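Read off the chains here:
Number of protein chains: 2
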Amino acid sequence: MNIKLSTGKSIPIAKDESILSALKRSGVYLVASCGGKGTCGKCRVKIQGGKYRTSASGKISQVDKEKGIVLACQTFPENDISVEILEEARLVVGDKIALAKSKDLAELFRSFGKEIAPIVKRFNIKLPRPTIEDHISDLERLKRELEIKGIKGMRFSQAFISSMADDLRKHNWEIHLAYVDGPEAIFVTSEKQTSRYGIAVDIGTTTVVVYLIDLSDGKLIDVGSTYNSQIRYGDDVITRIVHATEGGGLEELRDTVTEDINNILETIIEKHGINKEHVECAVVSGNTTMSHLFWGLNPGHIREEPYIPTVNSFPLWKAGTARLHINKQAPVYTLPCVASYVGGDIVSGVLASKMHKNTETALFMDIGTNGEIAVGNNEWLVTAACSAGPCFEGSGIKHGMRATEGAIEAVKIAPDTFEPSVSVIGNTVPIGICGSGMIDVISEMLISGVIDQKGKFVREIKTGRLRQGDEGMEFVIHKGAKDIVLTEVDIENIMRAKAAIYAGIALLIKEVGFTLDNIERVYVAGGFGNYLNVDRAIIIGMLPDIPKEKFRFLGNTSITGAYLCLLSEDLRQEAEEIARKMTYMELSVSRNFMDEYMSALFLPHTDLSLFPTVAKLLK
Amino acid sequence: MNIKLSTGKSIPIAKDESILSALKRSGVYLVASCGGKGTCGKCRVKIQGGKYRTSASGKISQVDKEKGIVLACQTFPENDISVEILEEARLVVGDKIALAKSKDLAELFRSFGKEIAPIVKRFNIKLPRPTIEDHISDLERLKRELEIKGIKGMRFSQAFISSMADDLRKHNWEIHLAYVDGPEAIFVTSEKQTSRYGIAVDIGTTTVVVYLIDLSDGKLIDVGSTYNSQIRYGDDVITRIVHATEGGGLEELRDTVTEDINNILETIIEKHGINKEHVECAVVSGNTTMSHLFWGLNPGHIREEPYIPTVNSFPLWKAGTARLHINKQAPVYTLPCVASYVGGDIVSGVLASKMHKNTETALFMDIGTNGEIAVGNNEWLVTAACSAGPCFEGSGIKHGMRATEGAIEAVKIAPDTFEPSVSVIGNTVPIGICGSGMIDVISEMLISGVIDQKGKFVREIKTGRLRQGDEGMEFVIHKGAKDIVLTEVDIENIMRAKAAIYAGIALLIKEVGFTLDNIERVYVAGGFGNYLNVDRAIIIGMLPDIPKEKFRFLGNTSITGAYLCLLSEDLRQEAEEIARKMTYMELSVSRNFMDEYMSALFLPHTDLSLFPTVAKLLK
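Residue numbers (my numbering), protein chains in the order written: chain A, 5 to 623; chain B, 5 to 623.
Since the hints were made in silico from the structure, they are not lab data. This one's a predicted model, so the numbers in the text were calculated from it and none came from an experiment. If a hint is listed, it holds; no wrong ones were tucked in.
Identical copies go unnamed one by one, so any copy, or any two together, can satisfy a pair.
25 Å max Cα-Cα, derived SDA-like pairs, lysine to any residue:
1) 147 x 320
2) 153 x 580
3) 41 x 25
4) 147 x 581
5) 125 x 222
6) 280 x 325
7) 486 x 42
8) 174 x 308
9) 125 x 320
10) 280 x 260
11) 174 x 255
12) 156 x 320
13) 174 x 251
Take the sequences, apply the hints, and build the full model.
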């Protein structure tokens with residue numbers, strides 16, 4: 005049997021195989037936030053002809069059903085079938101992500117006042133040439149010389165030794181011995197070979213970013229990024245953990261993300277004509293689950309009480325083990341994690357923010373697919389995860405999508421006519437709404453009176469924009485061939501997410517005996533952080549009502565921290581110390597969390613005195 | 005195109021591919037001592053029909069040529085061809101090799117007075133179960149406990165960690181931590197799991213032997229052995245080194261011998277119902293080239309002046325790296341080598357002989373595919389290689405073969421009629437002659453006057469056994485459908501080999517300022533050593549004329565030493581010390597070697613006063 009796509013492409017499908025599965029096997033990936041369980045309603049395709057059976061799904065409206073729209077994960081062809089993949093179900097990969105500025109990075113590194121000290125060190129050695137009289141083996145010859153120089157206990161792997169003999173001769177016995185602390189020999193190279201590169205990698209749940217760095221001067225040579233292809237197995241960390249614990253899932257997830265990194269790597273390495281053997285170290289930053297998956301470690305125990313990761317502080321393993329396509333012997337440093345839901349990305353972020361060095365008390369928040377927060381200063385640090393869920397990434401929202409082309413990213417609602425005007429990424433016809441658009445539209449609806457503080461539509465207002473949809477009341481943000489709406493159910497989901505973030509912040513600050521007034525600085529990190537409108541986020545009560553001038557947007561601090569660790573031994577030590585020093589609070593088990601959360605399930609909050617600027621606006 | 009074998013089997017062959025190559029590709033291996041260069045004349049097949057072209061070879065007699073006999077390596081079919089593989093060209097594998105006696109081994113180990121101390125050590129640990137409050141990662145939990153017990157700096161590989169989390173839970177947090185010195189964690193197991201096994205492996209140029217040992221009591225559970233399948237790429241060490249340095253050859257040789265070991269392993273492990281994960285360490289002994297090939301190290305520099313191995317003292321690497329099918333984390337100890345042509349097998353042999361512990365001065369010799377010798381006592385040790393070549397294994401001898409079924413292993417010649425009587429391994433029709441048979445027939449011919457002291461046939465004697473063959477004069481040892489002969493050229497080759505061994509012994513003893521009288525003990529090791537008739541070997545002047553009671557036959561000491569090292573840390577240390585202490589003499593560059601060698605190119609020797617017992621016999 006075959007699936008004929010509207011593009012003309014034909015794809016084989018087995019008996020009793022879902023359309024989603026067949027497409028995935030052939031490399032056509034759909035948005036399937038739930039991992040193909042029929043619950044997210046995203047993998048919509050239109051059947052244009054052919055026999056099939058499909059499970060009824062509340063996620064498909066009657067009108068759409070009549071058009072032949074089905075969920076690909078719940079639909080099984082019974083003979084050849086013609087299928088059109090709907091625009092919003094198509095998984096767009098490879099979008100451009102704001103390019104880091106090399107100058108800013110270099111300046112940030114300089115501001116730490118550290119020398120460049122890569123993970124791989126070098127030792128200049130001139131060996132006496134072997135003769136019939138001095139016939140000890142190559143390894144013993146090297147060891148003898150190291151002993152003369154006072155270096156003892158060097159370890160030698162089979163990988164090192166298998167290339168050493170030829171390299172010693174090729175470089176005429178005058179070599180640089182590359183090694184890491186331990187000490188362990190990494191490779192032998194010529195004295196003249198001075199090109200040394202490293203990579204910094206951020207493995208986000210949604211996005212993978214790679215920096216290629218010149219280790220001689222710390223310059224950013226190039227950046228590459230892509231969506232984390234693990235998305236095909238589910239949007240959020242929990243769905244991926246579940247997939248990892250199913251037969252073969254762990255290897256699948258590991259291979260997928262490694263392939264993403266290698267694809268970027270190979271492209272930028274080739275572009276700059278660099279020999280991959282000269283890429284001699286890597287630093288990886290990611291949340292705890294991403295770090296476990298990258299190293300092929302079963303993350304299963306992360307989601308079972310009492311939520312224990314296998315490793316927080318990762319040993320220095322090799323690129324060969326990590327399956328990265330750089331020098332196989334290159335050491336790979338992994339940013340240390342703090343707990344199951346506070347990972348190396350947050351340690352990286354705290355490092356990049358410098359809050360661990362300053363006397364002022366700061367709040368750090370990284371709002372990505374999950375929300376993590378940290379509070380503290382140079383004396384103490386506490387951290388927590390908010391389990392906000394991925395709704396700001398589009399998951400669980402009827403027309404939700406990521407901040408890519410076609411996403412409504414900003415909305416204004418005319419206070420008299422309730423007519424919305426939208427701005428769309430790429431200035432095209434909108435196909436959905438992304439996180440910043442959601443925050444905008446909810447705050448605008450609140451201010452203009454379309455919704456009340458409970459997030460419910462005010463049915464009395466007069467506008468054709470408010471209507472009854474398949475899933476209850478909805479507000480039409482954009483009218484067109486396809487209307488883009490926000491439903492009452494969507495608003496509930498967004499309120500749950502923002503309440504989780506706010507409750508996390510509020511509780512964490514309380515737990516350390518502080519109030520919001522004590523917070524002297526707020527660092528907002530994460531891809532999301534780039535577009536976030538603070539005023540609007542305060543209006544819906546996602547961010548606390550703190551003066552706008554205290555906010556600093558840092559962008560992707562996970563990759564920034566990885567970059568810093570690539571360049572400096574001191575900063576790697578600082579990262580380890582941050583992870584050790586951070587006290588993790590498991591909010592979900594705190595009695596007070598539910599109280600804080602319930603109080604925050606209001607716009608902006610049940611206690612309006614906490615949001616004086618919003619209270620003023622609402623008057 | 006196809007080759008149709010007389011067995012009925014059909015094998016595909018490409019255009020311009022030799023019959024040898026096509027057979028090899030299909031898993032049919034012929035004896036090809038020279039590696040397929042047309043010089044050894046062993047890979048004889050009979051063409052029964054079909055068109056082909058073949059290079060003329062002096063190795064095929066006119067009579068044989070007329071029968072359609074050709075060298076498979078020099079023959080290229082031009083269309084479908086029918087081929088019969090001649091019995092003597094068939095590479096027989098899997099012959100039985102004398103089974104070691106478990107009792108003797110245990111007794112030998114006891115005689116060293118050492119406790120059993122395997123490479124993998126164990127540590128009993130009971131970890132507190134994680135809770136919401138005590139939520140550190142599994143690895144940090146383990147490290148914390150180790151710190152309490154005063155163990156610091158333990159290393160953890162990705163392989164260890166990837167199975168640790170599940171194992172800790174499976175064994176209810178009460179575990180044995182298996183580790184090696186370094187220290188490095190190897191695996192986690194239950195307190196109750198007390199079955200522990202190890203393997204000792206001898207990688208000979210010709211034979212591979214594996215012992216499966218119970219580490220709790222040192223008992224030999226089973227033995228397996230096979231021919232080293234690297235033979236298909238050539239008989240001797242040099243041919244293999246050459247093959248290793250040709251594209252892909254190194255990996256081919258490595259895979260071949262690893263497969264041999266794994267085949268034996270899997271058979272005996274399965275036979276005894278042992279879980280391969282419980283085979284937790286290995287010791288490997290082999291000559292320098294075999295050890296390099298086993299670890300995938302290019303042996304190319306071994307044969308180039310100044311003859312430098314890449315490694316003599318091998319680090320402790322893992323079974324996973326070695327590709328052995330036991331616990332992947334199992335450490336593999338490699339017996340240290342001394343020089344390019346004195347390897348771990350000799351260190352192993354010296355250890356097993358205990359000559360390094362005794363005050364009496366001993367001569368140790370291992371006559372296998374090569375000949376290596378050592379002289380010394382508990383104060384000093386010198387060693388040398390003789391480069392005798394593989395003629396005693398059958399290579400370079402017209403009807404030479406290994407000591408397997410069908411080989412003439414002993415010969416007597418009636419002093420009046422010159423009629424020989426032979427004894428054949430397996431009591432079958434003889435198809436060739438092996439090393440001990442060669443020594444017998446030459447010594448008998450010398451005593452009975454068939455040859456003179458130069459190894460030339462005495463043409464005057466009256467016997468039909470002496471005749472003109474294709475390659476000059478020859479003596480018919482056995483008459484039958486196929487006559488088995490020894491040619492004058494064969495005798496020359498054997499004399500060169502025995503002269504090399506004798507010259508090595510004589511020179512080494514001289515170099516240390518000794519005479520034969522100072523040698524209080526002679527240890528003869530090697531597969532060859534099992535069958536060697538000392539009297540006859542003295543008659544031809546291969547062994548020095550030392551009283552017979554000083555000789556001790558030790559059999560395969562390479563595997564015995566590996567067994568000892570598997571059981572005891574002290575004995576591994578002793579092996580390292582033997583290797584360090586042994587002074588290697590490169591005989592081939594010594595001015596005196598040529599003199600010694602030339603003098604020994606006589607039967608028994610140009611200086612008969614060195615062989616008083618033989619002088620008596622010759623009278």
